[in-house]
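Number of protein chains: 2
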Amino acid sequence: MLVRPMAMKSEFDLIATYFAPLAKAEPGSFGLTDDAAVLPVSEGMDLVSTADCLVSGVHFLPYDPPETIALKLLAVNISDLASMGAAPRFFMLAAAFPRGIEESWIAAFADGLRAGQQKFGGCLVGGDTVSTDGPLTLTLTALGEVPKGQALRRSGANPGDQLYLSGTIGDAFLGLQVLQGKHAELQDAQRAALIERYRTPTPRTKLGAALRGLASACIDISDGLAADLKHLCEMSSTGAEVEVEKIPLSPEARSLVSKGRVEFQHLLSGGDDYELLFSVPKEKQVQLETLAVSIGCPVFNIGVVKETAEIIFKDGGEVVKFDRTGYRHF
Amino acid sequence: MLVRPMAMKSEFDLIATYFAPLAKAEPGSFGLTDDAAVLPVSEGMDLVSTADCLVSGVHFLPYDPPETIALKLLAVNISDLASMGAAPRFFMLAAAFPRGIEESWIAAFADGLRAGQQKFGGCLVGGDTVSTDGPLTLTLTALGEVPKGQALRRSGANPGDQLYLSGTIGDAFLGLQVLQGKHAELQDAQRAALIERYRTPTPRTKLGAALRGLASACIDISDGLAADLKHLCEMSSTGAEVEVEKIPLSPEARSLVSKGRVEFQHLLSGGDDYELLFSVPKEKQVQLETLAVSIGCPVFNIGVVKETAEIIFKDGGEVVKFDRTGYRHF
Numbered sequence: 001m002l003v004r005p006m007a008m009k010s011e012f013d014l015i016a017t018y019f020a021p022l023a024k025a026e027p028g029s030f031g032l033t034d035d036a037a038v039l040p041v042s043e044g045m046d047l048v049s050t051a052d053c054l055v056s057g058v059h060f061l062p063y064d065p066p067e068t069i070a071l072k073l074l075a076v077n078i079s080d081l082a083s084m085g086a087a088p089r090f091f092m093l094a095a096a097f098p099r100g101i102e103e104s105w106i107a108a109f110a111d112g113l114r115a116g117q118q119k120f121g122g123c124l125v126g127g128d129t130v131s132t133d134g135p136l137t138l139t140l141t142a143l144g145e146v147p148k149g150q151a152l153r154r155s156g157a158n159p160g161d162q163l164y165l166s167g168t169i170g171d172a173f174l175g176l177q178v179l180q181g182k183h184a185e186l187q188d189a190q191r192a193a194l195i196e197r198y199r200t201p202t203p204r205t206k207l208g209a210a211l212r213g214l215a216s217a218c219i220d221i222s223d224g225l226a227a228d229l230k231h232l233c234e235m236s237s238t239g240a241e242v243e244v245e246k247i248p249l250s251p252e253a254r255s256l257v258s259k260g261r262v263e264f265q266h267l268l269s270g271g272d273d274y275e276l277l278f279s280v281p282k283e284k285q286v287q288l289e290t291l292a293v294s295i296g297c298p299v300f301n302i303g304v305v306k307e308t309a310e311i312i313f314k315d316g317g318e319v320v321k322f323d324r325t326g327y328r329h330f
Numbered sequence: 001m002l003v004r005p006m007a008m009k010s011e012f013d014l015i016a017t018y019f020a021p022l023a024k025a026e027p028g029s030f031g032l033t034d035d036a037a038v039l040p041v042s043e044g045m046d047l048v049s050t051a052d053c054l055v056s057g058v059h060f061l062p063y064d065p066p067e068t069i070a071l072k073l074l075a076v077n078i079s080d081l082a083s084m085g086a087a088p089r090f091f092m093l094a095a096a097f098p099r100g101i102e103e104s105w106i107a108a109f110a111d112g113l114r115a116g117q118q119k120f121g122g123c124l125v126g127g128d129t130v131s132t133d134g135p136l137t138l139t140l141t142a143l144g145e146v147p148k149g150q151a152l153r154r155s156g157a158n159p160g161d162q163l164y165l166s167g168t169i170g171d172a173f174l175g176l177q178v179l180q181g182k183h184a185e186l187q188d189a190q191r192a193a194l195i196e197r198y199r200t201p202t203p204r205t206k207l208g209a210a211l212r213g214l215a216s217a218c219i220d221i222s223d224g225l226a227a228d229l230k231h232l233c234e235m236s237s238t239g240a241e242v243e244v245e246k247i248p249l250s251p252e253a254r255s256l257v258s259k260g261r262v263e264f265q266h267l268l269s270g271g272d273d274y275e276l277l278f279s280v281p282k283e284k285q286v287q288l289e290t291l292a293v294s295i296g297c298p299v300f301n302i303g304v305v306k307e308t309a310e311i312i313f314k315d316g317g318e319v320v321k322f323d324r325t326g327y328r329h330f
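Chains as they are written, first to last, in the working numbering: chain E, 1 to 330; chain L, 1 to 330.
These aren't lab readings, by the way, just hints derived from the structure by calculation.
Here the structure is a predicted model, which is why all the values come from computation and not from measurement.
Watch out, some of these pointers could steer you wrong.
Any copy will do: because identical chains look the same in the list, a pair fits if it lies in one copy or spans two.
As the list claims (entries may be wrong) - In silico BS3-like pairs for lysine-lysine, Cα to Cα no more than 25 angstroms straight-line: (1) Lys230 to Lys24; (2) Lys259 to Lys246; (3) Lys148 to Lys206; (4) Lys9 to Lys230; (5) Lys148 to Lys24; (6) Lys306 to Lys284; (7) Lys284 to Lys182.
Starting from the given sequences, assemble the full structure and let the hints guide the process.
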């Protein structure tokens with residue numbers, strides 16, 4: 001194939017070359033050639049819809065690899081679907097590309113989307129590409145399906161329900177710090193593991209689906225455990241008590257905390273974890289833990305839902321206070 | 001209520017104050033308080049999905065009123081639904097607000113969205129608000145419904161079908177020119193009419209729905225009549241012959257063309273018209289024209305679909321050539 005050294009493809013050619021192939025699996029996308037897509041929603045299913053916007057320099061680093069930016073864009077949206085118990089089906093992508101972006105960047109970004117669709121499921125069905133004088137800005141709307149009436153909500157937790165977390169937290173926050181030049185004392189493989197959590201989170205789709213009928217409330221952790229626990233409790237009109245020593249940390253995070261290189265509370269507020277935080281009635285705990293083993297997803301019982309509307313962290317029986325509650329956009 | 005003179009509300013407060021009230025009509029939006037929305041798709045309907053991204057300085061002027069930017073954002077998406085014969089139901093809004101944006105701007109923008117929902121139908125059900133160092137960037141995903149299997153497509157035109165247009169073209173292009181200081185010789189009311197076409201296009205939802213089962217192909221004109229006719233013909237594997245004198249112009253556009261203030265071909269390529277261009281089999285012409293009168297929507301028979309894959313414009317029987325075919329993003 002000839003290389004086009006100067007001219008960027010037109011919007012139409014870009015879509016045809018890089019994005020239309022991603023839409024092949026869904027006939028209703030019409031190969032991205034029509035005004036809109038026609039989506040066949042399955043009988044007996046509710047459609048679940050979420051959208052996230054990622055801005056270069058805010059939600060990812062300008063020099064993050066395009067493949068991982070694509071994976072993260074898919075993952076953060078699919079994580080929202082997972083927290084409702086829904087599986088991904090359709091994606092709409094709106095990309096505002098900075099003028100002068102390299103075509104090879106767009107090609108690599110599309111490769112990342114393809115890899116993400118293969119890994120997580122779902123299919124691109126439409127969207128928009130425009131040019132901007134500002135930073136790269138990517139919006140994905142993800143549509144998923146859940147059996148009618150079975151979507152998980154943030155609002156169903158009851159006092160006495162047990163609080164669970166699906167994996168370790170704080171790693172994405174530490175991964176960002178590694179990319180900013182911190183934690184040079186860690187081994188290469190450890191730094192790489194943290195960077196991977198930051199760049200390519202894995203949405204808990206399988207667990208989310210398994211929690212239907214089991215969890216009383218569920219949320220995915222994007223703003224940090226402390227902030228998202230607050231959201232879940234506010235929507236459920238409850239409080240919670242969390243035992244700090246039960247919060248799972250990766251070996252890397254544990255090592256950095258124990259050496260005083262990072263404050264524990266920053267792991268609670270760093271965000272970008274994309275683990276599921278959920279509540280389960282006591283009588284369903286055994287069923288949950290058995291199911292979690294069978295699908296190979298770790299779950300950790302970190303505390304309990306309380307009636308009084310406050311969130312208490314306890315360490316060795318003592319109440320501890322943290323002042324930061326999460327990332328605020330404004 | 002106290003005025004907060006310095007601090008911008010948090011992302012959560014902004015959503016609660018300005019956007020959640022727009023989501024009230026749809027219980028499945030959960031008041032924008034959950035990870036995703038659960039959308040009840042009606043039985044017997046296909047879901048139609050489209051997304052458009054508008055960037056300040058590219059798709060609207062930085063000093064356009066926030067209310068009209070909101071209306072345009074809704075209108076350009078609903079126009080895509082209309083061209084498929086679908087009625088709007090759900091909107092997802094992703095807004096990247098420049099740091100330091102006035103809260104009053106956001107309030108006025110939300111007022112515009114409210115006015116648009118009342119005018120066009122549909123309901124906000126979710127989205128994302130983030131901050132950006134770049135220009136204001138707004139992405140809307142619009143979901144509509146159409147009876148199963150009845151969506152209009154670009155691809156169904158057949159040789160001999162008559163080509164129709166739903167209203168005058170070029171006015172939005174002239175409206176932008178007026179905002180750029182041109183056409184000062186027009187009267188105030190004329191300039192205002194052109195600006196209105198640019199800032200607040202009206203999607204042809206009623207006509208789109210009426211065309212189901214009547215039109216063989218349909219597209220909405222966003223890139224200009226010449227370019228979008230080309231898209232329709234390419235997707236239908238046909239050509240077309242258009243009689244230039246039958247293309248409807250507003251009194252303002254006609255006056256500017258006749259005085260040589262604007263070239264006719266720029267009206268064909270200016271874009272942003274958001275009229276419907278569609279083809280109708282000859283035997284359904286009477287039915288179409290009767291229906292158009294009954295719903296109060298003007299339609300104009302501007303030409304005919306041809307077998308040969310070329311688009312010919314004729315003026316008084318003579319073939320005329322235009323060199324620009326539409327707005328290219330890159």
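For each hint, the structure was consulted:
1. For the identical chains of this complex, Lys230 and Lys24 are inter-copy neighbours only, at 23 angstroms across copies versus 41 angstroms inside a copy, given an alpha-carbon limit of 25 angstroms.
2. In this assembly of identical chains, Lys259 and Lys246 lie within 25 angstroms of each other by CA distance solely inside one copy; the values are 19 angstroms within and 79 angstroms between copies.
3. For the homomeric pair Lys148 and Lys206, the shortest alpha-carbon distance inside one copy (18 angstroms) is at most 25 angstroms, but the shortest distance between copies (31 angstroms) is not.
4. Taking CA atoms no more than 25 angstroms apart as the test, Lys9 paired with Lys230 passes between copies only; the shortest distance there is 18 angstroms, against 47 angstroms inside one copy.
5. Taking the shortest alpha-carbon separations for Lys148 and Lys24, only the inter-copy value of 21 angstroms comes in at or below 25 angstroms, while the best intra-copy value is 27 angstroms.
6. When the C-alpha separation of Lys306 and Lys284 is checked against a cutoff of 25 angstroms, the pair qualifies only within one copy, where the shortest distance is 17 angstroms, while the shortest distance between copies is 67 angstroms.
7. Taking identical chains as interchangeable, the C-alpha atoms of Lys284 and Lys182 are never at most 25 angstroms apart, the minima being 42 angstroms within one chain and 71 angstroms between chains.
Violated hints amount to a single one, hint 7; each of the other numbered hints is respected by the structure.
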